[in-house]
Amino acid sequence: SFPTKSVLHIVEKFAASDIRKEDAMELYQIAADCLEKKRYKDKMYIESLRDGTFGFHGRPLLWLWRFSSRQKKVEIDNEGNGKGKDAINWQDEFQDTNKPLVV
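Under this note's numbering, the first residue of the sequence shown carries the number 111, and numbering increases by one thereafter.
Do not rely on the hints blindly, as some may be mistaken.
Unchecked claim - Beta-carbon label-pair distances, calculated as ranges:
1. D128 <-> R180: 15 to 25 Å
2. E146 <-> Q201: 46 to 56 Å
3. T114 <-> G162: 38 to 48 Å
Stated by the list, open to error - 30 Å max Cα-Cα, derived DSS-like pairs, lysine-lysine:
4. K123 <-> K153
5. K115 <-> K131
6. K147 <-> K115
7. K115 <-> K148
8. K151 <-> K209
9. K147 <-> K131
10. K183 <-> K123
11. K115 <-> K151
12. K131 <-> K148
13. K182 <-> K115
14. K151 <-> K131
15. K147 <-> K183
16. K182 <-> K148
17. K209 <-> K182
18. K209 <-> K123
19. K115 <-> K153
20. K115 <-> K183
21. K183 <-> K148
22. K147 <-> K123
23. K148 <-> K209
24. K151 <-> K183
None of these hints come from the bench; they were simulated from the model.
Even for Gly, the Cβ is constructed at its ideal location relative to N, Cα and C.
Required output: the full structure, derived from the provided sequences and hints.
What follows is the structure in structure tokens.
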């Protein structure tokens, strides 16, 4: 049995991956059942899972922000010296495919 937080994170990640509602309904129904059994307090959240209105809104956006905020950002020199984005060699930035994607 998963903790409530894990169930929420699974559903958020699934929604953030932009899986279409029809393909996600079975997962959402199971997640709603789990949350009800664990007496999760946010009944509107459970209802949105059950009726298929859960999607790319508050919680998945929060997940994207949390994930993105942990990633290393490309530093851009904005001192007005005219270099700015031109100083970044984008070919080198994307050469290493092991680097994480930053949203």
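Hints, verified against the model:
For the pair D128 and R180, the supplied restraint of 15 to 25 Å holds, since their beta-carbon distance comes to about 21 Å. Taking the beta carbon of each, E146 and Q201 are about 51 Å apart, inside 46 to 56 Å as hinted. At roughly 21 Å, the beta-carbon separation of T114 and G162 lies outside the given 38 to 48 Å, and the hint is violated. Distance check on the hinted pair: K123 and K153 sit about 20 Å apart at the alpha-carbon level, within 30 Å; holds.
Of the pairs offered as hints, the one joining K115 and K131 holds, with about 22 Å between alpha carbons and a cut-off of 30 Å not exceeded. Straight-line distance between C-alpha atoms of K147 and K115 comes to about 14 Å, which keeps the hinted pair within the 30 Å bound. At roughly 11 Å between alpha-carbon atoms, K115 and K148 fall within 30 Å of each other, so this suggested pair holds. This hinted pair does not check out: K151 and K209 have alpha carbons roughly 38 Å apart, beyond 30 Å.
For the proposed pair K147 and K131, the alpha carbon gap of about 23 Å is at most 30 Å, so the pair holds. Of the supplied pair hints, the one linking K183 and K123 holds, its CA atoms being roughly 21 Å apart against a limit of 30 Å. With a C-alpha separation of about 12 Å, the suggested pairing of K115 with K151 holds against the 30 Å cut-off. Only pairs whose Cα atoms come within 30 Å are accepted, and K131 paired with K148 is accepted, the gap being roughly 24 Å.
Pair hint K182 plus K115 holds up; C-alpha atoms about 25 Å apart against a cutoff of 30 Å. Restraint check for K151 and K131: the C-alpha separation of about 24 Å stays at or below 30 Å, so the hint holds. Simply put, K147 and K183 have alpha-carbon atoms about 40 Å apart, too far for the 30 Å limit, and the pair is violated. Taking the CA atoms of K182 and K148, the gap is about 36 Å. The hint is violated against a cut of 30 Å.
Restraint check for K209 and K182: the C-alpha separation of about 10 Å stays at or below 30 Å, so the hint holds. The suggested pairing of K209 with K123 holds, with an alpha-carbon distance near 20 Å, which does not exceed 30 Å. With a C-alpha separation of about 15 Å, the suggested pair K115 and K153 falls inside the 30 Å cut-off, and the hint holds. Between K115 and K183, the direct Cα distance comes to roughly 27 Å. Compliance with the 30 Å bound is thereby established for this hinted pair.
Between the alpha carbons of K183 and K148 the distance comes to roughly 38 Å, so the proposed pair goes past 30 Å and is violated. Restraint check for K147 and K123: the C-alpha separation of about 21 Å stays at or below 30 Å, so the hint holds. Distance check on the hinted pair: K148 and K209 sit about 38 Å apart at the alpha-carbon level, beyond 30 Å; violated. Of the pairs offered as hints, the one joining K151 and K183 is violated, with about 36 Å between alpha carbons and a cut-off of 30 Å exceeded.
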